[in-house]
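J.: Hey, can you work out the whole structure from these sequences and the hints?
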Amino acid sequence: LVKGATWPNAVAFMVASTNLVFEIFIVIVSVLGWSFFGGEIIGGVLFIVISAWLIARFYPARIAQDAKDHLVRQNKQHGDGDMHMAGHEQSGLQQKDVKEPETPKGFGNKLKLASGHFYMDVMMVGKDILVGVVAASVIMAVVPAGFWNALFLTNNHVLPHFLIVLWDIVIGVLVAIFSFVCSVGNIVMGAALWHGGISFGGVIAYILADLVTIPMLAVYKDYFGKKSMFALLALLSLSIVIAALSVDLGFHLLGLIPQTHGKQPMEMAHTFEWNYKTLLNLFFIPVSVIYFFYGKKQSGMKM
Numbered sequence: 010l011v012k013g014a015t016w017p018n019a020v021a022f023m024v025a026s027t028n029l030v031f032e033i034f035i036v037i038v039s040v041l042g043w044s045f046f047g048g049e050i051i052g053g054v055l056f057i058v059i060s061a062w063l064i065a066r067f068y069p070a071r072i073a074q075d076a077k078d079h080l081v082r083q084n085k086q087h088g089d090g091d092m093h094m095a096g097h098e099q100s101g102l103q104q105k106d107v108k109e110p111e112t113p114k115g116f117g118n119k120l121k122l123a124s125g126h127f128y129m130d131v132m133m134v135g136k137d138i139l140v141g142v143v144a145a146s147v148i149m150a151v152v153p154a155g156f157w158n159a160l161f162l163t164n165n166h167v168l169p170h171f172l173i174v175l176w177d178i179v180i181g182v183l184v185a186i187f188s189f190v191c192s193v194g195n196i197v198m199g200a201a202l203w204h205g206g207i208s209f210g211g212v213i214a215y216i217l218a219d220l221v222t223i224p225m226l227a228v229y230k231d232y233f234g235k236k237s238m239f240a241l242l243a244l245l246s247l248s249i250v251i252a253a254l255s256v257d258l259g260f261h262l263l264g265l266i267p268q269t270h271g272k273q274p275m276e277m278a279h280t281f282e283w284n285y286k287t288l289l290n291l292f293f294i295p296v297s298v299i300y301f302f303y304g305k306k307q308s309g310m311k312m
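Each position in the sequence shown, counted from 1, maps to that position plus 9 in the numbering used here.
A hint or two may mislead.
As the list claims (entries may be wrong) - Pairs of lysine-lysine residues, derived as DSSO-like cross-links and limited to a Cα-Cα distance of at most 27 Å, are as follows:
1. Lys119 with Lys306
2. Lys77 with Lys236
3. Lys114 with Lys305
4. Lys77 with Lys230
As the list claims (entries may be wrong) - Here are the simulated distance ranges between beta carbons:
5. Trp283 with Ala243: 45 to 55 Å
6. Phe156 with Met129: 34 to 44 Å
7. Val54 with Phe239: 20 to 30 Å
8. His126 with Val54: 16 to 26 Å
9. Ala123 with Leu288: 18 to 28 Å
Rather than coming from a laboratory, the hints here were simulated on the basis of the structure. Predicted, not measured: the structure shown is a model, and the values here were computed from it. No residue lacks a Cβ here, since even glycine has one placed at the ideal position from N, Cα and C.
T.: If you want it as structure tokens, here you go:
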């Protein structure tokens, strides 16, 4: 925004950098499976398109301008903070002294560079996964299954599927807002909700709602002001509901929703089947392990 980007551009970047990242894809496949991987990608793209359109059409111009003014004041107060407008306030000579890192040439060299980043990303997300595992374990152990079934309308056969999914999506967003679990920790918590009985769309909504958790809302308030925080909360939440509902209904029509819904992990049958999931796992698991250790070697060589 400080550099001149529009609000739809900024929101699209936030959504993509939060929900469409490699480490989240790895955890989704490992914990939830390939159907959720596809749902996350499609839902993330829909989230970007819908939120950008809603921001462009319904984000009040006065609030948007107030947010930019608030951001400028924050930059002046923070000085050398992450969002400091160094490019506008420093001399051109000082910027020229900073040498840009060279981009490696050739596909092999780029893969080598990416492997180091892959290794560091996997190592960094370990804490987030641990937080998600602890939170999910506590919730699933303390809260009885009957509560989840009643909350998510798991056994309700009276209401239309559309209304049940819509309810679960709203619940998923609300749980995300107050759970304080961010990043890839959301995936583990989402798996707990899935086995607790929430619908496919509810899980997708919970994962996408990483941008409207209380810690993120505090960031919006700090940088953009209280009015912008509430405006972003409303528009982003509405975008999540529409995107998750579209994904659930589409996957339901195509028969792509997993059959593990509402079952505890220990209750699921331990059977082996040759299908597309098996083939994908046989390919990507060894490749990921090899690439991880190759990246570890490359990272050590740079040090």
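J.: For every hint, state whether the structure bears it out.
T.: Here's how the hints hold up against the structure:
As the CA atoms of Lys119 and Lys306 are separated by approximately 15 Å, the hinted pair is consistent with the 27 Å bound. Restraint check: the Cα-Cα separation between Lys77 and Lys236 comes to about 12 Å, which is no more than 27 Å; the hinted pair holds. About 21 Å separates the Cα atoms of Lys114 and Lys305, which keeps this hinted pair within 27 Å; it holds. Among the hinted pairs, Lys77 with Lys230 is consistent with the structure: their alpha-carbon atoms are about 12 Å apart, no more than 27 Å.
In this structure, Trp283 and Ala243 meet the distance hint of 45 to 55 Å, their C-beta atoms being roughly 47 Å apart. Take Phe156 and Met129: their Cβ atoms lie about 40 Å apart, and the range 34 to 44 Å holds. About 26 Å separates the C-beta atoms of Val54 and Phe239, a value consistent with the hinted range of 20 to 30 Å. A hinted range of 16 to 26 Å for the beta carbons of His126 and Val54 is consistent with their spacing of about 23 Å.
A hinted range of 18 to 28 Å holds for the C-beta pair Ala123 and Leu288, which are about 24 Å apart.
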